[in-house]
Amino acid sequence: MSVRHALLALLSEGPKYGLQLRQEFEARTGEVWPLNVGQVYTTVGRLERDGLVESDDAEEPGPQKGFRITEAGRAELADWLATPPSDQVPPRDELVIKVLVALRVPGVNVAGILQAHRRHLIETMHRYTRLKQDAAENDIGLLLVADAEIFRLEAIVRWLDAADVRLRHLPPVEPGPVAAPMHQVRR
Amino acid sequence: MTPVLEMRDVTKVYGSGEAEVHALTGIDLVVRAGEMVALMGPSGSGKSTLLTIAGSLEQPTTGTVVVEGRPLSEMSRSEQARMRRRHIGYVFQDFNLLPGLTAVENIALPLELDGTRAKVAAAAARRTLGQVGLAEQAGRFPDELSGGQRQRVAIARALVGQRRLLLADEPSGALDTKTGETVIRLLRSACKDGAAAVLATHDAQLAAWADRVVFIRDGVAVDQTTPPSGPESLLAES
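Heads up: the sequence lines are chains A and B, in that order.
Position one of the first sequence corresponds to residue 1 (the working numbering), numbered consecutively onward.
Position one of the second sequence corresponds to residue 1001 (the working numbering), numbered consecutively onward.
Careful, some of the hints might be misleading.
With a cut-off of at most 16 Å between alpha-carbon atoms, the simulated EDC-like pairs for lysine to aspartate or glutamate come out as follows [unchecked claim]:
#: 1; chain 1: B; residue 1: K1178; chain 2: B; residue 2: D1211
#: 2; chain 1: A; residue 1: K65; chain 2: A; residue 2: E26
#: 3; chain 1: A; residue 1: K65; chain 2: A; residue 2: E54
#: 4; chain 1: B; residue 1: K1178; chain 2: A; residue 2: E137
#: 5; chain 1: A; residue 1: K65; chain 2: A; residue 2: D93
#: 6; chain 1: A; residue 1: K16; chain 2: A; residue 2: D56
#: 7; chain 1: B; residue 1: K1192; chain 2: A; residue 2: D134
#: 8; chain 1: A; residue 1: K98; chain 2: A; residue 2: D164
#: 9; chain 1: B; residue 1: K1178; chain 2: A; residue 2: D147
No lab work stands behind these hints: they were computed from the structure.
Could you put together the complete structure from these sequences and hints?
Following this line, the structure appears as C-alpha cells:
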C-alpha cells in the first residue's frame, strides 16, 4: 500500500490540510487501514522535498498547514496508477511453507492443520463480510476494500481445499528431506 | 429460545453389507430463529444429505430431527408434507422452477397446494416477488428470465408464506458475485425477520455471510467457526 501515492491522489482533488488528508485517507479506504497523523506529516514532508507537493510556507508544521500537488506530483501519480504492482517474484508464503513442513513432520495430522487455517481464514472473511453487510451501498471505498480482502482470503481457502484433495489422493508421505536426493532424481 | 431446527446424533447409511456407505455420522446441529448456518465441505461430504434430512425429504437411519419443537419421527407422512409446505422453504442449485408456470404462479404454487385460495396465494406471491425486486417480471416464464432472476424467483418461492426454516443448497450456484450477494442478502433479511437458515456450500465467500460455519468432512461435522465478534475488532487489529 503506497501511502505516498494515496496522499498525492487526495491532493489531486485540490489543496488540503494535514489532518484532512488523514481523515480522507481513512474514509476512502473504508477505515480498514488506519493511518497515524505522524505518518501523514512524514510522508507529505518527503513529497515536498521531492518537489511533488508544495505547502503554505508561512505556516508551521501542524494540522492547519495546507498542501497542494505540483505538476511533477500529477505526473508521478499518473505513472504510478498505470504501473502494475510488483508481482514478478512469488512471495515466500508462510502458509505454503507450513504445510510443506507439516508433510514431513512425523505424527502431524496435515488435514487437521489445513482445517485450522481454513477456519481461521473463514472467521476473518466473516468479519469483512460483516463490514460489507453493514456498509451503505454508496460507501464504495469500504466495499471495494472489503471485496479485495475477501477475494484474497478466498483464494487461500481454495488453495487449502485443493491441497486437501491432492493429499487425500496420495499415499502417506515418508518423513524425509523436502527435496529428493540427487541419486533418486537420476534414476 | 426454542431452536427452529435441532438434529441430534443423526446418522444416514445407504446400502448394506460391503456396499454400506455412511453418508452422515453423529451429526448434532441446532439452528435458532434469526440464525444462518453454513455447512461447508467438499462435494460428497454429506452437506446435501444433511439438508434433505433436515427438510424431511429423507429419513435419518438413526438419530432425531426436531423442527419447530416437533420431532419429525412422531409426525405422519401427511403431517410432514404439511410441515414442508408451510414452514420449510427450499432453494435448490438448479432452481427447480416449473417451466409451464409464470414467475408468480411458481411462487404461489406451494400456498395453493396447501389450500390457500388462488387469489390470496397470487397476492402473497406478488408481494414476495416485490421483496426480491422482480415485481415487473411476475408474468414471465422461467425461460424468459436470466439466471439471477430465476434464482430470485426460487428464493421468493422458498420465502412465501410463513416459512420458519430455509434450506439452501449452493444457492448462488454459478451466479456472479453481485447477484450471489443479492441472493444471500435476501436470505439474511428473512433470518432477521425470524427465520432460521441452513445453507450448504463449498464457496467460502458465501459461507462467510453465515453467523456460523460448520465444516463437514466424510459425513462428520469436524469443526466450526466461532461467531464473528464484529467489525470493530478487525479494525483494531489492522
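Worksheet item: Hints broken by the structure, by number, lowest first?
Response: 1, 2 and 5
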